[in-house]
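Asker: So the chains spell out like this:
Protein chains: 4
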Amino acid sequence: MNILKKEKIPLKELIGGAQHFLYKYTITGSSGGPKVYIQASLHGGELQGNAVILSLMEDLKHLPFKGSVIFIPLSNPYATNNKLGKYTFGRFNPNTGDNWNRNFIDLISSKKINLTGFCRRYLKESEATIREKFQDFLSKEFKKLEIQLQSNNELHDNNKLNLILQKASCSADIILDLHTGPSATEYLYCATRSIDEAQHLHFKHVLEVDHEFAGAMDEATFMPWVHLEETFERLGRKISFNFHSFTLELESEEGFSLSMARMQKDKILNYFKYKKIIPGKSSPKPYIKEHLSNYITIFSPHSGLIDYQVDLGKSFKKGDILGTIYQFHNLEKTDSTKYQLPVIAAFDGILINKCPSSAIQQGMELFQVMKKSNN
Amino acid sequence: MNILKKEKIPLKELIGGAQHFLYKYTITGSSGGPKVYIQASLHGGELQGNAVILSLMEDLKHLPFKGSVIFIPLSNPYATNNKLGKYTFGRFNPNTGDNWNRNFIDLISSKKINLTGFCRRYLKESEATIREKFQDFLSKEFKKLEIQLQSNNELHDNNKLNLILQKASCSADIILDLHTGPSATEYLYCATRSIDEAQHLHFKHVLEVDHEFAGAMDEATFMPWVHLEETFERLGRKISFNFHSFTLELESEEGFSLSMARMQKDKILNYFKYKKIIPGKSSPKPYIKEHLSNYITIFSPHSGLIDYQVDLGKSFKKGDILGTIYQFHNLEKTDSTKYQLPVIAAFDGILINKCPSSAIQQGMELFQVMKKSNN
Amino acid sequence: MNILKKEKIPLKELIGGAQHFLYKYTITGSSGGPKVYIQASLHGGELQGNAVILSLMEDLKHLPFKGSVIFIPLSNPYATNNKLGKYTFGRFNPNTGDNWNRNFIDLISSKKINLTGFCRRYLKESEATIREKFQDFLSKEFKKLEIQLQSNNELHDNNKLNLILQKASCSADIILDLHTGPSATEYLYCATRSIDEAQHLHFKHVLEVDHEFAGAMDEATFMPWVHLEETFERLGRKISFNFHSFTLELESEEGFSLSMARMQKDKILNYFKYKKIIPGKSSPKPYIKEHLSNYITIFSPHSGLIDYQVDLGKSFKKGDILGTIYQFHNLEKTDSTKYQLPVIAAFDGILINKCPSSAIQQGMELFQVMKKSNN
Amino acid sequence: MNILKKEKIPLKELIGGAQHFLYKYTITGSSGGPKVYIQASLHGGELQGNAVILSLMEDLKHLPFKGSVIFIPLSNPYATNNKLGKYTFGRFNPNTGDNWNRNFIDLISSKKINLTGFCRRYLKESEATIREKFQDFLSKEFKKLEIQLQSNNELHDNNKLNLILQKASCSADIILDLHTGPSATEYLYCATRSIDEAQHLHFKHVLEVDHEFAGAMDEATFMPWVHLEETFERLGRKISFNFHSFTLELESEEGFSLSMARMQKDKILNYFKYKKIIPGKSSPKPYIKEHLSNYITIFSPHSGLIDYQVDLGKSFKKGDILGTIYQFHNLEKTDSTKYQLPVIAAFDGILINKCPSSAIQQGMELFQVMKKSNN
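Protein chains in written order, with my numbering: chain R, 334 to 708; chain Z, 334 to 708; chain V, 334 to 708; chain L, 334 to 708.
Treat the hints with care, as some may be off.
Where chains are identical, the list cannot tell them apart; a pair therefore holds if satisfied intra-copy or between any two copies.
Unchecked claim - Listed below are the simulated BS3-like cross-link pairs for lysine-lysine, each with C-alpha atoms no more than 25 Å apart in a straight line:
| no. | residue 1 | residue 2 |
| --- | --- | --- |
| 1 | K704 | K445 |
| 2 | K477 | K704 |
| 3 | K477 | K493 |
| 4 | K444 | K622 |
| 5 | K477 | K651 |
| 6 | K666 | K345 |
| 7 | K618 | K606 |
| 8 | K651 | K394 |
| 9 | K608 | K338 |
| 10 | K500 | K618 |
| 11 | K341 | K457 |
| 12 | K341 | K444 |
| 13 | K466 | K618 |
| 14 | K537 | K341 |
| 15 | K493 | K399 |
Quick caveat, the hints were computed from the structure, so don't treat them as lab data. All values reported here derive from a predicted model rather than from experimental measurement.
Assemble the whole structure, with the sequences as input and the hints as a guide.
Answerer: Next up, the structure:
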């Protein structure tokens, strides 16, 4: 049986003395191997990743495996507890509007760290050695940064959470950030550097992300490695680090199903086989891939009640009706086009995400779709 | 073809000059008959009733029918527009917390109207004549009340909306208030006085409501008739007025589906046949009925993420697990009962409603169930 | 030095394992005497009472006094932590809309407790003895009720909080529930039975409350004594129990000032002198009193931005302009009455409360005023 | 008398048919002169700017003046109407969290417009001519952009509002964006290019903003001119355009006072004298200036209730107590430092902004201060 360790990380005290903690579970296998980091619910209402963590932990407690896996379920408990009506107001800080997945930092750029010295020192070392040294380096830098911000009362809610998660994950080789869409089919955000790995994760839809930084966890975790590779290249060594970071979108928010989680867990276990973390032969699966620039948000052109007409995960053609918006102040008109307004696809694509409510205001996100690039 | 008339009722001006209106559509048949009133979306996020109205109106524009039908779709546009995150914060006034379906008034009691004079005058008249006279009487009283409240700046948001809807509906013989649950199977609230009519509405689950007043639209509309019958009885005449008011719960909030609406509309049309509003033979259907006192809310005993284990509309037995709440701060425990907390049924029943989110805090509404009375 | 004891009462666990507690502090004096109960912040954003508790506790730790004082500061921590934007969304449960001060229960009525037996048993006892016995009786009943509700998963958020506070306070002779208005001058809610006591509390404005129940803490605590007195009276003994319950409104929500608290504390200490809790001579002060039915809410007749023109606590005459609402979509009009809409007093009165925002929608609470009665 | 023109700009339709408009008022003087643009309430709860607009319009209707002034009061009516409890949830989109003052665009950069051609054509023209030509150019580009976004359903709420305001303001020479802090003293954001002008605006506190873009209105309006000047410089002509854009912070949100507005209006009229828009001699006033990098946010190190101890606009020294946070779960401790936590200034400064609530969670914005630099 593998070793399971729990660490309790103080996150946020509340008025009146209650305190939110993060619970970091580490399962260590019987022998050395990749270090994996998995978190769920960074957006407070995206619950399904926690079921996947539960399911994975049940397996990994007993399965022979190499390396270690860190789990942080409920990685944003403050947000998960933010109920308004029946629903979870968990996507952004209710106090400031800051999206909980936008205040991570590109440590190397933001602290203006020059990696040349580091790379010179380890120029001749093996990939594995450099990887480990760099993980130590990142770890120290995050600790310093946290102390500095804390001592000056510069630590905003979002920064603190994001910093704690970066610190907890910076020693990992593989990062899986478990999200869901509002009302979505399964899809995967994958950096260009990891695009070949993705076929072992068995997601049907893959969005390819450039090596650029916009504040999200996946970007924040792979950017240091991009900077490191670039610095080595400038010094004449071409090296690809065995570091991969993915954002997994596990269908729809507010839902939590163990039976669905077991199927989703199997996809991750297949990837673990591929990475030699657990025994067994992994099988690749083809996926539909588009570059992130082809992941298009369709904003509602009107206000009204929408009847959604394309199912999640389904293809549509240019000219198809994606949904019909009904307006109720013109029902006396004999011409039904006065109150019945179709939202028509401007291109071929696949429906990935839709708004979980049919009460729609002009300018709200209605759909997110993968636009087909090759037509 | 029948006559369709639209009336635009000013509801609420907004800061900056925009204005919400109610749109009251009246379709009048080729000959006299029952007067029906149908409204939807009193709770802002309960959308499906609007689809049923749309579908009914399409039919009634052309169908031969007797009497008249008033429709008020989107009867609470201010609430329907109150979006927080993706969802509609539409159950209660965001300013005061007042539930939009609790500020109706029992006109006769609240204005201390003594009906003896009215009943004496019409003691010998036919039921139909008295009904019409009483509807006129209610109409005048509502107008007076509105003017009085308005002139003294005593008109609160909720009162105003509720008053307008009562005024618009008080001339009707049949009232259908179209709601949905948060996440629900179809069910019907039906006053004892109308319990035999319910079998023509084809709802599978019926909650029997006493002739008492607690602020809701259905109660507010049938109570005047209860008072009238009681007064006649005191004067020695036993009379039942052909007045019926129902609350129809059309599954789940935030959803809007025309295809589902067409099936739901057929139930209403069957009732219309029974009431001789449209031609054709109605068929009764048996239903499962419980008194409202057996409609039990189960509040969550714990906080955590729940995996729901009984489907909406399904029966369960005492001792069945309705759902399991998972807590993520004790996952290292070998004893899974430390983090896996079942919610066990304390009696036999049918699951009518559940919370649409799996992120549950202690003390939140988890389920609403029909408790089986005969065991 | 007096004895200070702390009790930690579990209130509500949150998702992720954090837990809200209530902290009940009891200071016991050197000898027997009245039992006082003081709570603050039942509405989450009404903070000033906590400053008063702090200030009182500092004094009472050292002052010679008789009897005991229970303090529950931050009596609703869940609500105080519910931030939306910068402000506290603390007046009602964000999940259900239930006002936190409306779900207390009139224990005797709601549990249909017949007090005749109790009164017969103690018919000849002293007021002090009966008072103590009745407090024990209430205490036991609340414990039973809590266990019953909890075991059946019938305990809603609001019920639980309200029940805990009733249980904690039911052994007291004097209850001070510390609130604030939204933006208010100081005022006091006082039951008819306690109206003579009020002059020792030194509040300038007093609202007289009937012996009726509408769900609030003050009513819920004095109603059992009203029922008890009525029952004794039916048995032929006229007795007034030395029990008093007040709601103190300590100016405006969101504010917290120790220097202001020291002045407010002195008012309570004067009352303590009057009740012989602390040594010294109390002085009565006259107040302006109106019956609660003359506490009038003025709802906004229009939407717009309001310039408030009467200061809190000030008198106004019928015809005075209380504020002017400006609308910005008609500014081109030469006739300024098209965009400049005065709110005119319909009677003489005193301004007690106003809305803390100048952005006003039609139908919102604008002012609460004491209407001058003609005596 | 000057000419006053009103334009009604459709902004956002609501579910149910209501529609928000912007009202753009243009007052044109008797002869040519600077074109001024003034808007208020971009953040929905920041109301005072509307009072200033009202007050300015009253004067300008009659005052002899040169040029023209555009006013857009209530420039974000959707946000001003978003009430939660008594307060306005108006700083960010409740649907997405997007701050209403962060989605403006730096048109030249974002559309990758190369200005070299434009500058070559007008290389020898006067500053005034080029200014006018460039304003026309911007105007056309904004129109094109709006059509493009609209036709593809790419127009998000925030983008649409921001685009409309940029389009409305892009022909102006002077832009005044009227804001308030949450709870603030008066202060001014001023670009380096306009720093000398600021002394005629009579604000006591000035924050100097670099010529960089971060999404706000002031930056979005001055950046095109920065790009234009840079392009001219590359072509060998050093030219400073007479274009200035300021953000005026008019004390605290939720407030609306005409009497205060009259004093604030006089500051703007003094600037108008300086710019020769109205007759009279302007007087400069010294101000306290710091670079934006010295505008420091102090986040709360603890949760609790804070007693604010420095007044808005006042100086403090390193080591001063800015406020004391009280925690109520340790009141039994004899050592008061267990529950009484001072927030101590780490440097000399001036208090500009504080949180309008004393209920503070760890990590919330507590203060914004001007840190004294050593010059």
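Asker: Which hints from the list above does the structure break, by number from lowest to highest?
Answerer: Checked against the structure, the hints that fail are numbers 4, 8, 10, 11, 12, 13, 14 and 15, while the rest are satisfied.
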